[in-house]
Amino acid sequence: MSDLIVIAFPSEAQAEETRLKVMSLQKEYLIELGDAVVAVKQPDGHVKLHQIFHPSAVGAASGGFWGLLIGLLFLMPLVGMAIGAGAGALGGALADFGINDRFMKDLSEALPPGGAALFLLIRKMTADKVFADLQGAGGTVLRTSLDHTKETALRDALAGHRATIDVGA
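All the letters of the sequence shown, read from the start, carry residue numbers 1 to 169 under the numbering used here.
Hints should not be assumed to be uniformly reliable.
Claimed, not checked - Below, simulated SDA-like cross-link-like pairs (lysine to any residue); rule was C-alpha separation at most 20 Å, straight line:
1. K124 with R143
2. K21 with D128
3. K105 with L4
4. K48 with F103
Note that these hints are calculated values from the structure, not bench results. The structure presented is a predicted model; accordingly, all values stated were derived computationally and were not measured.
Given only the sequences and the hints, what does the whole structure look like? Please build it.
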């Protein structure tokens with residue numbers, strides 16, 4: 001089962017820095033992410049999502065590849081590639097992986113203009129090591145599906161306090 005963590009930051013730079021830190025922890029196999037999105041509230045009040053995974057782009061690339069192969073069979077590779085890329089992009093745009101975009105935009109409406117929120121969908125993590133690396137990152141926990149002890153440890157780590165948790169549960 002995945003856990004959701006939403007952390008608000010006063011600026012996009014802080015949210016992005018924390019996302020990069022979490023992604024580096026993934027390379028060390030301390031955390032496995034399902035999604036990591038930075039939502040920024042623009043000065044005009046609109047919310048912009050900065051996602052690391054774009055399903056429509058992936059769909060267009062794979063659709064173009066398969067369309068090219070099928071087009072080669074019928075001696076029309078360019079037409080096949082164009083149709084495949086269009087169909088793949090449409091399919092990718094309709095598929096919503098990770099955290100629901102509407103949920104992220106609705107929750108980010110509460111941010112002040114210029115503020116940002118980091119949305120993390122976590123499949124697995126070694127909580128004590130991840131929280132130690134996030135120590136002093138700042139930010140305020142808006143939402144989480146973690147149990148109370150881990151949520152308290154996360155809040156303490158973001159505030160710069162040394163967090164101790166029991167990860168046996």
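Taking the hints in turn, this is what the structure says about them:
With a CA separation close to 18 Å, the supplied pair K124 and R143 stays within the 20 Å bound. Proposed proximity of K21 and D128 is supported: the alpha carbons are some 15 Å apart, at most 20 Å. Restraint check for K105 and L4: the C-alpha separation of about 15 Å stays at or below 20 Å, so the hint holds. A C-alpha spacing of about 13 Å is found between K48 and F103, which places the hinted pair at or below 20 Å, so the restraint holds.
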